[in-house]
Amino acid sequence: MNSQSDSEILKMFRDENSRNYAFNLLVKKYQQQLYWHLRRLVIDHDDTDDLLQNTFIKVFENLKSFREDSKLYTWIYRIATNEALAFLKSKRNKFFLPFVDVESSLSNTLIADDLFDGDEIQLKLQKAILTLPEKQRLVFNLKYYQEMKYEDMADVLGTSVGALKASFHIAVKKIEEIIKQN
Amino acid sequence: MENPNNINNDELKKLAPELFKLEKKDPFAVPPEYFDDFTLRLQNRMNQKKKTHSPWFYYILKPKYSVAISLCIIMIVSGVFYYNYTQKQAANNNDVYWDEVIGDNNTINYNFDENSLAETLADLSPETEAEILINSDQNIKSISTEDLDDYIKSNNNDVFYEN
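Keeping their order, the protein sequence lines are chains A and B.
Going by my numbering, the first residue of the first sequence is number 129, and it counts up by one from there.
Going by my numbering, the first residue of the second sequence is number 7, and it counts up by one from there.
Where hints are given, some of them may not hold.
What the hints assert, rightly or not - Dumping the calculated DSSO-like pairs for lysine-lysine here, alpha-carbon to alpha-carbon at most 30 Å:
1. B:K20 <-> A:K255
2. B:K31 <-> A:K199
3. B:K94 <-> A:K255
4. A:K263 <-> A:K308
5. B:K20 <-> A:K302
6. A:K302 <-> B:K31
7. B:K27 <-> A:K293
8. A:K252 <-> B:K19
9. B:K30 <-> A:K277
10. A:K308 <-> B:K94
These are calculated hints, taken from the structure and not from any lab test.
Just chain A, same shape as in the assembly (with noise of 0.2 Å):
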């Protein structure tokens, strides 16, 4: 089901007759991926539940205009990129705190997550990650977990591929002195 290639599921959208079918596909295709990107940045699994929602809705919405200038793919990261990062900015002011305090927040939420399965290790791992600022958190999770190429980061997050490389450097050597001194 999910062989089907990104163009092959753009062209069924676009015929109104297999419209719904091609979103379900997308679906299939992306949920699981883009559920994890989603979850490592906003930690709890209702936001994140949201999250993939609010995405996948805007990406219905506005599928039918993408001019395929870049991959589908990243720009359906993008969508859920923005969404996460709009999501955390309105839990900042919400609460009037300043960056660090959202991201202990989160770290407390990973404490109490009923739906965390990692050991210690993995544990100081994720809080290590939290330390990180937000855009180094994004660099470092894109490359490390999803692996994915910088040109491809570079066009979710509109940064040029050098400064992703000095991110990701930057985020790697904050987190291994982190591991190093537990």
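Assemble chain B onto chain A, guided by the hints.
Frame of chain A; chain B shown alone:
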């Protein structure tokens, strides 16, 4: 997933040996059958969204638009009031000038300001002007010949009046 652009293992081993030793896995879990049900739940949410589509005024009542909308409303209301006020003023001015010409008991008041009358008549629309002339005709008929003679003599004007 092999990726030529990915940071290779040797590089990661050199850069972060402790991180390299860790097993790369997602420590998060999802509720049972979460991904199996996701499409259905998404479909339900989209259907619900269609049903509860917000009316147009919902968008203009959003806080981010409130200041702009309030300013627009204030400007429109002020504009309407200002327009009404200036119209009323103009109407009052016309009445005053005409009252100067036609005095009490429908007689012509000779001491009116001719310049003001000229300005007023110049500003009047052709319809209003015609209406005033029709009404004034009745007033003028009540003026005696002696009155007119006196007026012409006193103002020394070349006035032609046909009855």
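Against the structure, the hints come out as follows:
no.: 1; hint: B:K20 <-> A:K255; verdict: 22 Å, holds
no.: 2; hint: B:K31 <-> A:K199; verdict: 27 Å, holds
no.: 3; hint: B:K94 <-> A:K255; verdict: 73 Å, violated
no.: 4; hint: A:K263 <-> A:K308; verdict: 23 Å, holds
no.: 5; hint: B:K20 <-> A:K302; verdict: 14 Å, holds
no.: 6; hint: A:K302 <-> B:K31; verdict: 19 Å, holds
no.: 7; hint: B:K27 <-> A:K293; verdict: 21 Å, holds
no.: 8; hint: A:K252 <-> B:K19; verdict: 19 Å, holds
no.: 9; hint: B:K30 <-> A:K277; verdict: 18 Å, holds
no.: 10; hint: A:K308 <-> B:K94; verdict: 83 Å, violated
Checked against the numbered hints above, the structure breaks hints 3 and 10 and satisfies the rest.
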